[in-house]
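Asks: Just need the whole structure built from these sequences, with the hints factored in.
In my numbering, the protein residues as written are 246 to 398.
Keep in mind that a hint or two might mislead.
Taking CB as the label site, the calculated pair distances span [to be verified]:
id: 1; residue 1: Ala-336; residue 2: Gly-297; range: 21 to 31 angstroms
id: 2; residue 1: Glu-277; residue 2: Val-247; range: 44 to 54 angstroms
id: 3; residue 1: Val-281; residue 2: Val-329; range: 14 to 24 angstroms
Quick caveat, the hints were computed from the structure, so don't treat them as lab data. All values derive from a computational prediction rather than experimental measurement. Beta carbons: idealized from backbone N, C-alpha and C, even for Gly.
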Amino acid sequence: MVITKSVTWGLLAAWVAHDLEELATMSSWSREHPAVPTVGRVESAVAIGAVGLVMAAAAADGARTGGRSRLFQAALTGFGLHAVTHVGASAVFRGYAPGVLTAPTVVAPYALWAWRRLRREGVWRGGSRAALAAFPLVVGGAHVLAKRVARGA
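Replies: So this is what it looks like as structure tokens:
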């Protein structure tokens, strides 16, 4: 069996579905929760777009390498594991938190399926510490960029 484009480009598709939920809810949700920094619509869109560029590059590299790309596997690891943060946020806030609907219904199932496919093909290298370290750096960097852009908007 060969790693199909549905495995690699599926990363971008799952990310789009998940982040559309975040885009639709993040700004208003953050205004309603004073314990969380308010994220405006422009800031949210810029941060999501910046991470989207990383996810698109990772999916493309995964497609090019048949799923062997370290970038693709790192993005898959970070994306899959971050589903837990959405469920955790929902538990902490005792209700809806942006991304909690698609985290267990889209993100986690896609990631588990993709990991199984990569393992079955013998191309999975395992989630690396670097991938886990890179995830908050990518997201944090996207939010720093978004704040700067939103200030200038």
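Asks: The structure should be examined with respect to each hint, and the outcome stated for every one.
Replies: The hints, checked one at a time:
1. Ala-336 <-> Gly-297: 21 to 31 angstroms: 27 angstroms, holds
2. Glu-277 <-> Val-247: 44 to 54 angstroms: Given a distance of about 47 angstroms, which is inside 44 to 54 angstroms, the answer is holds.
3. Val-281 <-> Val-329: 14 to 24 angstroms: Once the Cβ atoms are compared, 18 angstroms apart, the range 14 to 24 angstroms for Val-329 and Val-281 holds.
In summary, this structure violates none of the numbered hints.
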